[in-house]
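Go ahead and model the full structure; you've got the sequences and the hints to work with.
Position in the sequence shown (from 1) plus 1 gives the number in this note's numbering.
In case anyone wonders, no lab produced these hints; they're calculated from the structure. Take these hints with a grain of salt, some might be off.
What the hints assert, rightly or not - Think about it this way: if two alpha-carbon atoms lie no more than 35 Å apart in a straight line, the pair counts; the simulated DSBU-like pairs of lysine-lysine are:
1) K331 <-> K285
2) K123 <-> K34
3) K266 <-> K187
4) K133 <-> K123
5) K285 <-> K123
6) K42 <-> K147
7) K266 <-> K331
8) K42 <-> K123
9) K72 <-> K42
10) K187 <-> K42
11) K72 <-> K133
12) K289 <-> K266
13) K123 <-> K331
14) K286 <-> K331
15) K42 <-> K133
16) K42 <-> K111
17) K241 <-> K285
18) K123 <-> K147
19) K241 <-> K187
20) K289 <-> K241
21) K286 <-> K187
22) K123 <-> K111
23) K285 <-> K187
24) K241 <-> K286
25) K72 <-> K147
26) K266 <-> K286
27) K123 <-> K266
28) K123 <-> K289
29) K111 <-> K72
30) K187 <-> K34
31) K111 <-> K147
32) K331 <-> K147
33) K187 <-> K111
34) K72 <-> K187
35) K241 <-> K266
36) K241 <-> K331
37) K34 <-> K331
38) K133 <-> K147
39) K72 <-> K123
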Amino acid sequence: MERLQEIISTILTDDQPTVLATIVHVDGSAYRKEGAWMLLKEDDTRLGVISGGCLESDLHNRAQGLFNTGKTDVFRYDLSAEDDLGWGRGAGCNGVVTVMVRAIDATFRKALTFLNDQLQAKQPVYYMQSMKDFNMYSFISRSGAKFGEVNDETRPELDTATPFQNIAGQVTVCDETVYRQVVWPKPNLYIIGAGADARPLARVAGNVGYAVHLLDWRESLCNELYFPTAESFQLGDLEKLIGNIPFSPLDSVIVMTHDFQQDIKLVQSLCSFQLLYLGVLGSKKRMKRLYGGEVPDWIHSPIGLSIGADGPEEIAVSIVAELIAVRRGKMT
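So this is what it looks like as structure tokens:
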């Protein structure tokens with residue numbers, strides 16, 4: 002999912018012929034699961050991966066016959082045999098991977114434009130694709146906005162779905178096989194405090210797919226020079242800044258101002274929002290003083306997984322690992 006919106010944006014801004022590969026079914030184990038996307042362009046560039054390198058070359062060759070055709074095809078790769086040299090040296094993944102490969106035409110570009118608009122509005126979108134008639138597909142947002150003609154009353158309730166849960170795969174609807182996927186918006190990470198230790202954190206988080214936003218009162222630190230991959234910068238009184246942000250349950254926030262008095266006010270304000278992740282830099286003792294008592298389990302402090310990290314770079318890795326674990330539902 003980490004490059005999905007980048008793939009969509011590339012399709013919508015690049016007019017050259019492109020092919021979209023999507024894993025629609027996995028039987029057994031595989032490097033990527035259902036819902037993984039990869040873009041193949043006519044100039045031989047690729048975006049995203051659907052395997053550890055086993056399938057990309059073959060899909061690239063198959064894409065050559067699909068560019069500019071508007072056609073869709075499905076390919077099944079059996080990677081289960083360790084002595085099967087069909088993919089080079091024997092993949093040994095013990096899985097069978099089914100990939101749908103679609104040449105992007107004008108109609109599907111319109112569908113992706115709709116999808117992109119909903120994702121930009123922080124709306125998760127339910128994607129449904131007939132596996133019998135590839136021209137039959139629909140995108141339906143949580144608010145009920147829709148593109149396409151396929152109806153599915155069995156679609157999951159997006160209001161109650163666990164944020165960023167991987168909902169993807171094939172199901173049977175009215176005796177027909179249908180591929181379904183929930184496409185989640187790009188996760189936002191708000192870093193409050195633009196000190197030197199925030200720089201590797203912003204970089205690592207951006208590399209794994211977060212839209213990183215910096216908030217600080219110091220223009221000399223909170224800028225593109227130190228945070229070249231950040232999507233936005235907000236300068237000024239921090240309490241006022243966070244009060245103007247429409248936080249959602251899909252958003253993550255990390256407080257790292259190194260200012261105790263300021264952190265007290267920020268934590269009090271942020272606790273009024275429903276967030277996916279709230280982390281505060283510092284020790285447990287410091288956090289108890291900030292919070293004024295026993296700290297709730299849903300506030301992460303100290304932040305980061307306990308991996309013995311030392312220094313800004315390693316600590317950044319531990320923090321992003323914790324962000325991923327929370328987003329994947331591996332910890333609260």
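A quick look at each hint next to the structure:
no.: 1; hint: K331 <-> K285; result: holds (22 Å)
no.: 2; hint: K123 <-> K34; result: holds (24 Å)
no.: 3; hint: K266 <-> K187; result: holds (28 Å)
no.: 4; hint: K133 <-> K123; result: holds (31 Å)
no.: 5; hint: K285 <-> K123; result: holds (33 Å)
no.: 6; hint: K42 <-> K147; result: holds (28 Å)
no.: 7; hint: K266 <-> K331; result: holds (30 Å)
no.: 8; hint: K42 <-> K123; result: holds (28 Å)
no.: 9; hint: K72 <-> K42; result: holds (15 Å)
no.: 10; hint: K187 <-> K42; result: holds (23 Å)
no.: 11; hint: K72 <-> K133; result: holds (13 Å)
no.: 12; hint: K289 <-> K266; result: holds (14 Å)
no.: 13; hint: K123 <-> K331; result: holds (23 Å)
no.: 14; hint: K286 <-> K331; result: holds (26 Å)
no.: 15; hint: K42 <-> K133; result: holds (25 Å)
no.: 16; hint: K42 <-> K111; result: holds (18 Å)
no.: 17; hint: K241 <-> K285; result: holds (27 Å)
no.: 18; hint: K123 <-> K147; result: holds (15 Å)
no.: 19; hint: K241 <-> K187; result: holds (25 Å)
no.: 20; hint: K289 <-> K241; result: holds (24 Å)
no.: 21; hint: K286 <-> K187; result: holds (34 Å)
no.: 22; hint: K123 <-> K111; result: holds (19 Å)
no.: 23; hint: K285 <-> K187; result: holds (31 Å)
no.: 24; hint: K241 <-> K286; result: holds (27 Å)
no.: 25; hint: K72 <-> K147; result: holds (23 Å)
no.: 26; hint: K266 <-> K286; result: holds (17 Å)
no.: 27; hint: K123 <-> K266; result: holds (27 Å)
no.: 28; hint: K123 <-> K289; result: holds (33 Å)
no.: 29; hint: K111 <-> K72; result: holds (16 Å)
no.: 30; hint: K187 <-> K34; result: holds (18 Å)
no.: 31; hint: K111 <-> K147; result: holds (12 Å)
no.: 32; hint: K331 <-> K147; result: holds (32 Å)
no.: 33; hint: K187 <-> K111; result: holds (20 Å)
no.: 34; hint: K72 <-> K187; result: holds (29 Å)
no.: 35; hint: K241 <-> K266; result: holds (11 Å)
no.: 36; hint: K241 <-> K331; result: holds (33 Å)
no.: 37; hint: K34 <-> K331; result: holds (17 Å)
no.: 38; hint: K133 <-> K147; result: holds (21 Å)
no.: 39; hint: K72 <-> K123; result: holds (31 Å)
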